[in-house]
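All chains should be built: construct the whole structure from the sequences, respecting the hints.
As they're listed, the protein sequences go chains A and B.
The first sequence begins at 1 in the numbering used here and counts up by one.
The second sequence begins at 1 in the numbering used here and counts up by one.
Read the hints as simulated data drawn from the structure, not as lab findings.
Treat the hints loosely; a few may be bogus.
Below, computed lysine-lysine pairings styled on DSSO-like, alpha-carbon distance capped at 27 Å [to be verified]:
1. Lys15(A) - Lys107(B)
2. Lys106(B) - Lys11(A)
3. Lys135(B) - Lys78(A)
4. Lys128(B) - Lys11(A)
5. Lys15(A) - Lys241(B)
6. Lys15(A) - Lys5(B)
7. Lys74(B) - Lys233(A)
8. Lys4(A) - Lys5(B)
9. Lys15(A) - Lys114(B)
10. Lys107(B) - Lys11(A)
11. Lys179(A) - Lys270(B)
12. Lys74(B) - Lys78(A)
13. Lys4(A) - Lys74(B)
14. Lys114(B) - Lys11(A)
15. Lys182(B) - Lys74(B)
16. Lys233(A) - Lys5(B)
17. Lys182(B) - Lys15(A)
18. Lys5(B) - Lys11(A)
19. Lys78(A) - Lys128(B)
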Amino acid sequence: MSAKSISIIYKREFKTFFTSPGAYIIISLFLIIIGWFFFSTFFLSGNADMRNFFNLLPIIFAFSVPALSMRLFSEEYKSGSFEILKTLPVTDIDIIGGKYLASLFFTLIMLAPTIFYPIFISFLGDLDWGPVIGGYLGAVFLAGAFSGISILASSLTKNQVVAFIISAAACFFLTVINKSLIFLPSFLTGFLQYLSTDYHFNNIAKGIIDSRDIIYFLTLIFLTLYGTYIVNKERS
Amino acid sequence: MVRIKELTRYYGQTCAVDNLVVEIPKGQIVGLLGPNGAGKTTTLRILTGYLQPTSGTIIVNGIDVRENPLEVKKSIGYLPESSPIYPDMIVFDYLLYIAEMRGIEKKRQLERIKELAKICSITEIMHKTVSNLSKGYKQRVGLALALMSDPEILVLDEPTSGLDPNQIVEIRTIIKEIGKTKTIIFSTHILSEAEATCDRVLIINKGKLAADGSADMLKANTSKSQYISMILQNAEMNAVKKVLGSLEAVQKVDTTENSGILTITLSCSKDARADVYNAVKKQDWVLLELKQEKQSLEHIFRELTKEN
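Okay, structure coming up:
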């Protein structure tokens with residue numbers, strides 16, 4: 001493993017996002033959908049806060065992050081370019097690390113324009129910046145976790161659509177499970193709530209930085225990347 | 001130096017490479033021949049670190065690919081089959097990316113890319129997107145990337161497949177030129193290519209080594225029978241068959257007649273040219289041509305790789 005190789009792979013992947021029309025389409029859709037849903041109710045509620053935005057974010061991330069990252073491994077398997085990448089003097093960890101960072105940072109770029117929402121809101125009323133900062137911090141962790149899941153799914157198949165469906169289903173499950181706890185048997189709720197990314201994201205978004213939530217996200221990221229590593233080992 | 005030691009690789013239940021043992025000294029151009037699915041690509045993929053062997057290993061300059069793949073990869077330049085290059089990249093950017101990955105110093109990168117562009121004659125397509133290139137150019141870009149770090153060992157998987165005859169000759173010339181100083185291992189279906197470029201030919205069949213040696217050596221050793229071709233005028237087919245067939249060394253006589261001229265192929269157990277000449281001399285036939293056919297690599301290949 002070397003930081004230099006990771007950064008070279010990261011740079012190439014990151015640039016590729018900018019040269020493919022798909023990424024721009026996903027960013028546009030993300031901003032249109034989240035902007036529409038957020039502002040359609042924002043003026044009705046009459047509150048100068050971002051709570052609704054951060055309620056919506058996980059479910060929209062659950063589809064947009066897999067859509068951005070589905071190609072990372074699948075496309076290379078399909079075109080065969082993975083053979084060139086893998087026979088260059090780099091390790092599997094370099095490859096996974098570079099691709100993961102590209103996916104994470106591009107997701108953050110997708111999120112970046114929404115910074116204008118709180119700035120705009122702060123002109124309308126007295127915005128409490130605490131939860132907003134917490135929300136964005138949570139969003140970084142969420143982007144990290146969903147990128148990890150998407151990369152794992154992408155490493156499993158050479159079909160991008162299959163990779164998207166697997167990762168979107170997993171992200172969606174981890175998000176909605178927290179919202180549907182009432183329908184589940186009570187002895188499971190505690191466990192399932194802890195399993196849900198949405199629950200941990202909400203904690204951070206409230207502005208409470210708890211080590212448990214951070215450990216949860218870091219564990220999820222580690223497990224998905226380790227899974228990708230194992231899949232890569234198995235493939236060779 | 002490359003030492004393939006008892007290399008075995010299974011895909012599930014299918015055995016692709018079966019206990020392969022080969023030693024390739026420095027500076028040799030080695031052609032890997034074999035029918036489809038013989039295990040050529042698998043062997044090359046294990047050598048380049050893309051696949052792991054099921055058992056056995058390959059040792060490159062004293063380093064085991066299983067133990068230290070990173071070091072082995074540094075000394076190998078690899079062109080995979082059909083050169084799968086990122087389609088959305090510009091050729092120059094792609095070469096720059098490979099130069100960075102190969103750890104070439106920043107100052108040297110541009111210089112090296114220019115050198116390679118010249119060697120592989122891709123200077124005029126440097127600004128194009130890879131997906132817009134023709135197959136021949138793509139192959140040359142692939143070759144440039146394999147040569148990037150000036151590796152000691154060059155591994156090429158079917159470097160000339162899908163190219164037109166001119167491009168094939170160009171690629172072969174490049175291979176021969178590079179082969180003067182480096183070890184080159186390449187796989188091919190085209191036997192004449194192996195004959196024209198290689199110091200040594202390895203024929204693989206069903207994952208096993210079927211023949212090993214220079215093309216000439218293989219021809220001398222593997223052929224059990226020799227062939228004589230001759231053209232006769234003024235001769236009658238049945239008489240020819242009778243006279244020549246009665247010679248001791250002749251095993252089989254094949255004749256074809258075309259407007260009074262007989263073209264004959266004799267299979268012999270030894271060099272029977274003298275006997276044949278003497279037999280013809282006694283008859284009233286006109287001998288237009290008599291020559292010993294060289295055993296072709298195609299023939300050996302078919303002999304070695306046919307089913308049982």
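Comparing the hints with the structure gives:
A C-alpha spacing of about 22 Å is found between Lys15(A) and Lys107(B), which places the hinted pair at or below 27 Å, so the restraint holds. Restraint check for Lys106(B) and Lys11(A): satisfied, since their Cα atoms lie roughly 16 Å apart, inside the 27 Å limit. Between Lys135(B) and Lys78(A), the direct Cα distance comes to roughly 18 Å. Compliance with the 27 Å bound is thereby established for this hinted pair. Between Lys128(B) and Lys11(A) the CA atoms are separated by roughly 20 Å; this keeps the pair inside 27 Å, and the hint holds.
Restraint check for Lys15(A) and Lys241(B): not satisfied, since their Cα atoms lie roughly 75 Å apart, outside the 27 Å limit. Pair hint Lys15(A) plus Lys5(B) does not hold up; C-alpha atoms about 42 Å apart against a cutoff of 27 Å. Proximity of Lys74(B) to Lys233(A) is assessed by CA-CA distance (about 20 Å); at most 27 Å being required, the pair is judged to hold. Under the criterion of a C-alpha separation no larger than 27 Å, the hint pairing Lys4(A) with Lys5(B) is inconsistent with the structure, at around 34 Å.
At roughly 23 Å between alpha-carbon atoms, Lys15(A) and Lys114(B) fall within 27 Å of each other, so this suggested pair holds. Under the criterion of a C-alpha separation no larger than 27 Å, the hint pairing Lys107(B) with Lys11(A) is consistent with the structure, at around 19 Å. For the given pair, Lys179(A) sits about 88 Å from Lys270(B) by alpha-carbon distance, which is inconsistent with the 27 Å threshold. Between Lys74(B) and Lys78(A) the CA atoms are separated by roughly 25 Å; this keeps the pair inside 27 Å, and the hint holds.
A threshold of 27 Å between alpha carbons decides the hint, and for Lys4(A) with Lys74(B) the separation of about 15 Å falls inside it, so the pair holds. At most 27 Å may separate the alpha-carbon atoms for a hinted pair to count; Lys114(B) and Lys11(A) meet this at roughly 23 Å. A hinted pair counts as satisfied when its Cα atoms are at most 27 Å apart, and Lys182(B) with Lys74(B) qualifies at roughly 14 Å. Among the hinted pairs, Lys233(A) with Lys5(B) is consistent with the structure: their alpha-carbon atoms are about 22 Å apart, no more than 27 Å.
For the hint linking Lys182(B) to Lys15(A), the alpha-carbon distance of about 35 Å lies beyond 27 Å, and the restraint is violated. A threshold of 27 Å between alpha carbons decides the hint, and for Lys5(B) with Lys11(A) the separation of about 39 Å lies outside it, so the pair is violated. The suggested pairing of Lys78(A) with Lys128(B) holds, with an alpha-carbon distance near 22 Å, which does not exceed 27 Å.
Hint compliance for this structure: hints 5, 6, 8, 11, 17 and 18 are broken, all remaining hints hold.
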